[in-house]
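Engineer: Line by line, the protein sequences are chains C and S. If you're matching positions, the first sequence starts at 10 in this note's numbering and goes up one per residue. If you're matching positions, the second sequence starts at 6 in this note's numbering and goes up one per residue.
These aren't lab readings, by the way, just hints derived from the structure by calculation. Just so it is clear, the structure is predicted and the values come from calculations on it, not from any experiment. Note that beta-carbon positions come from the ideal geometry of N, C-alpha and C, so glycine has one too. Just to be clear, a hint being listed does not mean it is correct.
[Claimed, not checked] Label-pair restraints from in silico Cβ distances:
#1 C:Gly63 with S:Tyr69: 27 to 37 angstroms
#2 S:Leu291 with C:Ile112: 26 to 36 angstroms
#3 S:Arg297 with C:Ala91: 27 to 37 angstroms
Listed below, chain by chain, are the residues.
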Amino acid sequence: MKTEEALSIARQLVEEWEFKTKTERPEPNRLDVALTTVDDLIPIVVGLRVIRLGYLAAITGLDLGPDEGDLEILYHFCTAAAVITLRIRIPRQDASVPSLTEIIPSAEAFERELSEMFGVEVVGLRNKMRLYLPEDLPEDVFPMRKDISDQEISQSVTLQEI
Amino acid sequence: MSEVGKRESFTVPIGPQHPALKEPEHFLISVDGEIVTDATVRLGYAHRGIEKAVESRTWVQSLYMLERICGICSHIHAMAYCLGVEQLAGVEVPPRAQAIRVLVAELERIHSHLLWFGVAAHEAGFDTLFMYTWRDREKVMDLLEGFSGNRVNYSVNVLGGVKFDIDDTQEIAIREAISFLEERTHHYLDVVTQDAMFLQRTRGIGVMTRSQAEVLGTVGPTARASNVYREIRVEAPYAAYDKYPVKIILDSRGDLEARFVVRLTELFESYRVILEILETLPDGDLTTRIPRRIKAGETVSRVEAPRGELFYFIKSNGSDTPERIRARTPTICNMMSVVKLLVGHQLADVPMILAGVDPCFSCNDRMVVLNRGRKMEQLFTWEALRQYGIDYYQRHSA
Numbered sequence: 010m011k012t013e014e015a016l017s018i019a020r021q022l023v024e025e026w027e028f029k030t031k032t033e034r035p036e037p038n039r040l041d042v043a044l045t046t047v048d049d050l051i052p053i054v055v056g057l058r059v060i061r062l063g064y065l066a067a068i069t070g071l072d073l074g075p076d077e078g079d080l081e082i083l084y085h086f087c088t089a090a091a092v093i094t095l096r097i098r099i100p101r102q103d104a105s106v107p108s109l110t111e112i113i114p115s116a117e118a119f120e121r122e123l124s125e126m127f128g129v130e131v132v133g134l135r136n137k138m139r140l141y142l143p144e145d146l147p148e149d150v151f152p153m154r155k156d157i158s159d160q161e162i163s164q165s166v167t168l169q170e171i
Numbered sequence: 006m007s008e009v010g011k012r013e014s015f016t017v018p019i020g021p022q023h024p025a026l027k028e029p030e031h032f033l034i035s036v037d038g039e040i041v042t043d044a045t046v047r048l049g050y051a052h053r054g055i056e057k058a059v060e061s062r063t064w065v066q067s068l069y070m071l072e073r074i075c076g077i078c079s080h081i082h083a084m085a086y087c088l089g090v091e092q093l094a095g096v097e098v099p100p101r102a103q104a105i106r107v108l109v110a111e112l113e114r115i116h117s118h119l120l121w122f123g124v125a126a127h128e129a130g131f132d133t134l135f136m137y138t139w140r141d142r143e144k145v146m147d148l149l150e151g152f153s154g155n156r157v158n159y160s161v162n163v164l165g166g167v168k169f170d171i172d173d174t175q176e177i178a179i180r181e182a183i184s185f186l187e188e189r190t191h192h193y194l195d196v197v198t199q200d201a202m203f204l205q206r207t208r209g210i211g212v213m214t215r216s217q218a219e220v221l222g223t224v225g226p227t228a229r230a231s232n233v234y235r236e237i238r239v240e241a242p243y244a245a246y247d248k249y250p251v252k253i254i255l256d257s258r259g260d261l262e263a264r265f266v267v268r269l270t271e272l273f274e275s276y277r278v279i280l281e282i283l284e285t286l287p288d289g290d291l292t293t294r295i296p297r298r299i300k301a302g303e304t305v306s307r308v309e310a311p312r313g314e315l316f317y318f319i320k321s322n323g324s325d326t327p328e329r330i331r332a333r334t335p336t337i338c339n340m341m342s343v344v345k346l347l348v349g350h351q352l353a354d355v356p357m358i359l360a361g362v363d364p365c366f367s368c369n370d371r372m373v374v375l376n377r378g379r380k381m382e383q384l385f386t387w388e389a390l391r392q393y394g395i396d397y398y399q400r401h402s403a
C-alpha cells in the first residue's frame, strides 16, 4: 500500500470515528474515545496503527457492578506523554470483545488476563490458556468482578491432587 | 527413541522452580536437536491478588500493599501510585519531596541494574563478576538502609510527599558511594565490551530488530537496546524530572551486548542526576495534607521503572477506598518478547536471553491469592540448564 493511499484511508477512518464517537479530554495529556459499538474497535485500532499513533500500553477491565450491569474495557495507547484511551461498554452477561492480536501481537498477554479475570470472551484469541490463575480455580469464577469477595475466591477452589 | 529418518521434537519443561533471579516460573521449550522451535511461559506462581486486595483497603493502606508488588523496584510502584492519587486529589507536592522521590528512584535503579548485572554474569558462568557487582551493590543498599531504615520496601513515599529527609552525613555518604560506583561502572563497561569470553555469550545473540521490538511491545532498556525511543523520564517527565532531565541511552545493535551496554551506561545518568539533586535540593516541607477521601475520577500514572515503563490506571469513586487500580508492569511486556525471541536459538543461549530482559516475576504475578504446588516432572531445572549453557560454550570455544 502506498503512503498516500494509507494516509487517505486513515483520514477517512478518523473522520468516521469522529462522526460516530464522543471524545473527551479528562486531563491535558489524555483523550478518551467512547466507542458506541464493539464493531468500531478493530477499525479504529487499525487506523491508529496505520498512522503509527502510539503503542498499546495496557488493557484495563472495569466492572461497573451488578447494578449497572456493564463492564467497561479500556485500551490505552501511549505516545510520549499522550494517552489515548478507547473505551467500550459491554454487558456483564455474555461479555465479548474482538481480539487485537492480529494487529498487535503483544495484546495477547493483556487479553488473556482480561479474559480470565473478568470473564470476557476475546473472540479470535488463539491461545486461551490461563496466564495467571491456577488450574484448580473453577472456570466460572472471575476474580476481578465486583460481586465476588476475596474469601469467596479462596473458598471456590476445589482441593484436589493433581 | 524415534525411528530413523523421522524427526521428532523434544519438549523441555523448565521450572516452575528457579528460573533467572530465583523466582518461580514455568517455561516449556520445544527443541529440535539443539535449536529451540517453540517456547511458552506459564505465569502465576507468585500471584498474590494485590489488584483485588486494594479494592477493599483504604487509599493509605493500598500504598503499602502496592509497594510490595515488587521487592526490587518497590519505590517506583509506590511513587507511581502516589503521583496518580495526588493528581486525582489535585494536591501539589512540595518540590523538596519530589526531588527526594527522584533521588531514591535513581538509587533504586542503580541497585536494580547492579543486581541484574550480577545475575546475568552468573548465568553466563562468570561468577567472579557476580561477586564483584553484588559487593558494589551493597554500597547502594547501605545508603538506602541508612536513609530509610530498610533494605527493601523503603517506604519513602506517603500520599502527599515523603517521610524521610536527607541530612549532611547522608549526603556525604551518598557522594562517597557514587564516586566509588562511577569508577567501578567504567570498569564493568570495559568488561562487557572487551572481555572475549563474555562477548562470546552476548555479541550477536538474542538479536531483536527495532521493528520486532516495537511489534512485540517491549519497554525500557530492552526496547532502548533495539533503538526504540521509549523512556518515560524523557518523554513525559514526572515528579522532579523536569528539573533534573536525563538523557536517553539508545543502542542500535539489539543483541544481548547492547542490553548490557544500555543498562550500564544508564547508571552514569543516574549518578549524575543524584549528584545534581544533592547540589540543588530545594528547601521546604516534605509533605502536604491530602484528604482521606479522594475526589471521584480517573487518572493514568506512568513512570520509568528500572525495567521499563510502569503503567498505573487509578479510578476513584469519591470514597476512602479505590474503585480500581490497574498496575501494568514492564516485565509482562518484555516477557512475551522473550518467548518469541528464543525460537531459532541454541538451547544453551536460553538462560542468557531470558536474563537479558531482566525479568521480574513477582511484578507480573498479582491479583489472585491462590498459589498451590503442582507435581510436575522436571527434566531440566534452571540450574541444570544454566550449567548446560556454560558447558556448551566451554566445549565450543577455541
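Engineer: With reference to the structure, classify each hint as holding or not holding.
Structural biologist: Results for each hint:
1. C:Gly63 with S:Tyr69: 27 to 37 angstroms: Hint holds: Cβ distance 33 angstroms, inside 27 to 37 angstroms.
2. S:Leu291 with C:Ile112: 26 to 36 angstroms: violated, 47 angstroms
3. S:Arg297 with C:Ala91: 27 to 37 angstroms: holds, 32 angstroms
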